[in-house]
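J.: Sequence:
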Amino acid sequence: MTKTKLEYIEKTGSGNNPFNGIDVGRFSAPVLADIDGDGDLDLVVGENDGTLKYYQNTGTTSNPAYEVKTGDSNPFNGIDVGNAASPTLADIDGDGDLDLVVGEDDGTLKYYQNTGTTSNPAYEVKTGGGNPFNGIDVGNAASPILVDIDGDGDLDLVMGGVYGILEYYQNTGTTSNPAYEAKTGGNNPFNGIDVGNVASPTLADIDGDGDLDLVVGESNGTLKYYQNTGTTSNPAYGAKTGDSNPFNGIDVGHSSSPTLADIDGDGDLDLVVGEENGNLKYYYNQQPSSVDGQAPTLTTQASAELGETSDLILDFNEDIQAGSTGSIVIKGSDDGVIATINITETTKFSIAGDKLTIDVSALGLTDNKLTQGSSYYITMDAGTVTDIAGNDAAAITKDTNQWAFEIIVLTTDIVWAGADDNYINNNEKDATTLSGKVTGIGTLTITKIEFFEGSNTVGTAITSGLPAVAADGTWTLAHSAMPSELADGKTYTAVVTLSDGTNSAISTSTAVTYDIINPTPITTNPWTLSDIPAGQSAFKTGDVISLTLTMSETLKLNNTTGSKVVIAGKDFVLDKTASTTAGDKKLVFKYSVQAGDSIAATDFDIDNPTSDITLNNITDVAGNAPVFTADRVC
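Going by the working numbering, the final residue of the sequence shown carries number 662, and the count climbs one at a time with no gaps.
If you're looking for bench data, these hints aren't it; they were derived computationally from the structure. One thing to keep in mind: the hints can contain errors.
As the list claims (entries may be wrong) - Simulated pairs of lysine-lysine, DSS-like, Cα-Cα distance not exceeding 25 Å:
{"hint": "1", "residue 1": "LYS383", "residue 2": "LYS426"}
{"hint": "2", "residue 1": "LYS613", "residue 2": "LYS592"}
{"hint": "3", "residue 1": "LYS614", "residue 2": "LYS518"}
{"hint": "4", "residue 1": "LYS457", "residue 2": "LYS476"}
{"hint": "5", "residue 1": "LYS397", "residue 2": "LYS376"}
{"hint": "6", "residue 1": "LYS568", "residue 2": "LYS598"}
{"hint": "7", "residue 1": "LYS359", "residue 2": "LYS397"}
{"hint": "8", "residue 1": "LYS614", "residue 2": "LYS604"}
{"hint": "9", "residue 1": "LYS457", "residue 2": "LYS613"}
{"hint": "10", "residue 1": "LYS359", "residue 2": "LYS426"}
{"hint": "11", "residue 1": "LYS465", "residue 2": "LYS476"}
{"hint": "12", "residue 1": "LYS376", "residue 2": "LYS426"}
{"hint": "13", "residue 1": "LYS518", "residue 2": "LYS584"}
{"hint": "14", "residue 1": "LYS598", "residue 2": "LYS613"}
{"hint": "15", "residue 1": "LYS457", "residue 2": "LYS518"}
{"hint": "16", "residue 1": "LYS584", "residue 2": "LYS618"}
{"hint": "17", "residue 1": "LYS397", "residue 2": "LYS383"}
{"hint": "18", "residue 1": "LYS592", "residue 2": "LYS568"}
{"hint": "19", "residue 1": "LYS359", "residue 2": "LYS383"}
{"hint": "20", "residue 1": "LYS584", "residue 2": "LYS613"}
{"hint": "21", "residue 1": "LYS618", "residue 2": "LYS604"}
{"hint": "22", "residue 1": "LYS397", "residue 2": "LYS426"}
{"hint": "23", "residue 1": "LYS618", "residue 2": "LYS568"}
{"hint": "24", "residue 1": "LYS518", "residue 2": "LYS476"}
{"hint": "25", "residue 1": "LYS457", "residue 2": "LYS584"}
{"hint": "26", "residue 1": "LYS592", "residue 2": "LYS604"}
{"hint": "27", "residue 1": "LYS614", "residue 2": "LYS584"}
{"hint": "28", "residue 1": "LYS604", "residue 2": "LYS584"}
{"hint": "29", "residue 1": "LYS618", "residue 2": "LYS598"}
Build the full structure now, drawing on both the sequences and the hints.
T.: In structure tokens:
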């Protein structure tokens, strides 16, 4: 959206002011409308003596020329409200032509129905029940304007008066049969507006956002501007001052009475102001009619992930500037205040284009940074920033336009590939890698990896050939890059040192044990044969022979089905339960003697372990499988 500053420039003299020379005596109150139906704007001026002057536009829509009409050529001839006539024109009865309502000095309204046509009007006074404004009285100096305030399609009434406030009468009837009901307090969108003395209102879309804004003349000759920050059906009026008021600096002396219309046919609203001396001042709208009237809005951002020293960037939908007052507050998740930034403290933030950037290091925090792992949110007063046209940005709260963020912890997970059981065995060692995924903000790198044995406080460090951190945060250290002294039977912990370009952090892996030696039978009497039952000289049919093997390491027995030792052609089957009962390093094999069996002592000799011993799913705790050599059992 192009931002423009709406500005009104006074035009004087006969060549520039089409109203030059018009003088109604005292207290001119102008209104512009197409009285004769020729498509251009004619002029009607109320005056102090209670009558109305009519000036027909004999020029064009873009180059008007106003000629006074009197007598029968003046359709308002004979109308006299006593004193201080303040006219407005609108279609009151819904018949398509312009009727006349005139405010008067005693605070009441006269209604004149157009009983003629759009091009040849004739005005007839209506009183009592025929006057929908009957009974309305603002005290003195009634100044009416008729527009659709509540967006229901009919004409409501706004009245200025001697006391400087505005009264609002909602049309609770229809477009053709209006009924006006006074609204007060919170039901009056103009409640609280007070210009001092003798308010003279007019309403038009000043900021080009499609709703009606308010301009009020006053006794001291200046103009007050109230921007509609609500909607077409639920208006809310906020006073704009200084450069935010396009009428700032206009002063006609006393008793300003404004009206807005396109005088020069360029599509925007020009300003005509009546005043105490009976003349008309003309102010040309020098800017295009398309003016930024939209308030800047914050790009909603929930749960942003930032670093502990990251700039906090509030991104709006258009270019912004600092307002005159207001603060930005950073709060913790417990709603405690972490830092407050007044909009005048320009060392703590900067504005460039549509972004407001908060410098965390300038906030006076401990170590000049926020806390890793903590969550925060930002609040901001309404109007702390505005767009270039002066429209206030809405307030930012915890619940509205939320801007929340979390300070990400600089860390990495560390995974030993192949060490899911916290062991690395002989089959895994050459394929073992160290890997992980870094979280953090900034330029993420690994600056050191150390390997610590057991409880040692001094480790073996790798500082060169370190893995790069990929765009997604992942990294991998190959086995070939690990220290060569990682030895069997030792337990190691890896410690990774990280950097985000500003800060460093360390992460520690779980402990992993290198076990790359296969379990073997013990060297002395590894095999044990169960004794012959008492009173027998040999095993007989039905006896169970147990053969126990003692290994060098504790074993894990999983699904051992099919595990056996073959002796003299007989299968001694592994008894998993008996093995577990016998102890961590023992394997118990059993055979039930059958009729006709003949097993000699010399048969308990394993000449070929590959064929004679079958162990399924039996390993040491690291996953190394047992290995055997030929061995005589007994």
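J.: Run every hint past the structure and note whether it holds.
T.: Cross-check of the supplied hints:
1. Our distance criterion of 25 Å between C-alpha atoms is met by LYS383 and LYS426, whose separation comes to about 20 Å.
2. With a C-alpha separation of about 16 Å, the suggested pairing of LYS613 with LYS592 holds against the 25 Å cut-off.
3. Between LYS614 and LYS518 the CA atoms are separated by roughly 24 Å; this keeps the pair inside 25 Å, and the hint holds.
4. Restraint check for LYS457 and LYS476: the C-alpha separation of about 22 Å stays at or below 25 Å, so the hint holds.
5. Proximity of LYS397 to LYS376 is assessed by CA-CA distance (about 13 Å); at most 25 Å being required, the pair is judged to hold.
6. The hinted pair formed by LYS568 and LYS598 meets the criterion: a straight-line CA distance of about 15 Å does not exceed 25 Å.
7. For the given pair, LYS359 sits about 14 Å from LYS397 by alpha-carbon distance, which is consistent with the 25 Å threshold.
8. Restraint check for LYS614 and LYS604: satisfied, since their Cα atoms lie roughly 10 Å apart, inside the 25 Å limit.
9. For the suggested pair LYS457 and LYS613, the alpha carbons sit about 24 Å apart, so the restraint of at most 25 Å is met.
10. Pair hint LYS359 plus LYS426 holds up; C-alpha atoms about 9 Å apart against a cutoff of 25 Å.
11. The suggested pairing of LYS465 with LYS476 holds, with an alpha-carbon distance near 15 Å, which does not exceed 25 Å.
12. At most 25 Å may separate the alpha-carbon atoms for a hinted pair to count; LYS376 and LYS426 meet this at roughly 22 Å.
13. A C-alpha spacing of about 20 Å is found between LYS518 and LYS584, which places the hinted pair at or below 25 Å, so the restraint holds.
14. The straight-line distance between the Cα atoms of LYS598 and LYS613 is roughly 24 Å, inside the 25 Å bound, and the hint therefore holds.
15. Between the alpha carbons of LYS457 and LYS518 the distance comes to roughly 13 Å, so the proposed pair stays at or under 25 Å and holds.
16. A hinted pair counts as satisfied when its Cα atoms are at most 25 Å apart, and LYS584 with LYS618 qualifies at roughly 19 Å.
17. Between the alpha carbons of LYS397 and LYS383 the distance comes to roughly 21 Å, so the proposed pair stays at or under 25 Å and holds.
18. Distance check on the hinted pair: LYS592 and LYS568 sit about 21 Å apart at the alpha-carbon level, within 25 Å; holds.
19. For the given pair, LYS359 sits about 20 Å from LYS383 by alpha-carbon distance, which is consistent with the 25 Å threshold.
20. With a C-alpha separation of about 9 Å, the suggested pairing of LYS584 with LYS613 holds against the 25 Å cut-off.
21. For the hint linking LYS618 to LYS604, the alpha-carbon distance of about 10 Å falls within 25 Å, and the restraint holds.
22. Restraint check for LYS397 and LYS426: the C-alpha separation of about 22 Å stays at or below 25 Å, so the hint holds.
23. For the given pair, LYS618 sits about 15 Å from LYS568 by alpha-carbon distance, which is consistent with the 25 Å threshold.
24. Taking the CA atoms of LYS518 and LYS476, the gap is about 22 Å. The hint holds against a cut of 25 Å.
25. The suggested pairing of LYS457 with LYS584 holds, with an alpha-carbon distance near 19 Å, which does not exceed 25 Å.
26. Between LYS592 and LYS604 the CA atoms are separated by roughly 11 Å; this keeps the pair inside 25 Å, and the hint holds.
27. With a CA separation close to 10 Å, the supplied pair LYS614 and LYS584 stays within the 25 Å bound.
28. Using a Cα cut-off of 25 Å, the hinted pair LYS604 and LYS584 holds, with the two alpha carbons roughly 11 Å apart.
29. Under the criterion of a C-alpha separation no larger than 25 Å, the hint pairing LYS618 with LYS598 is consistent with the structure, at around 10 Å.
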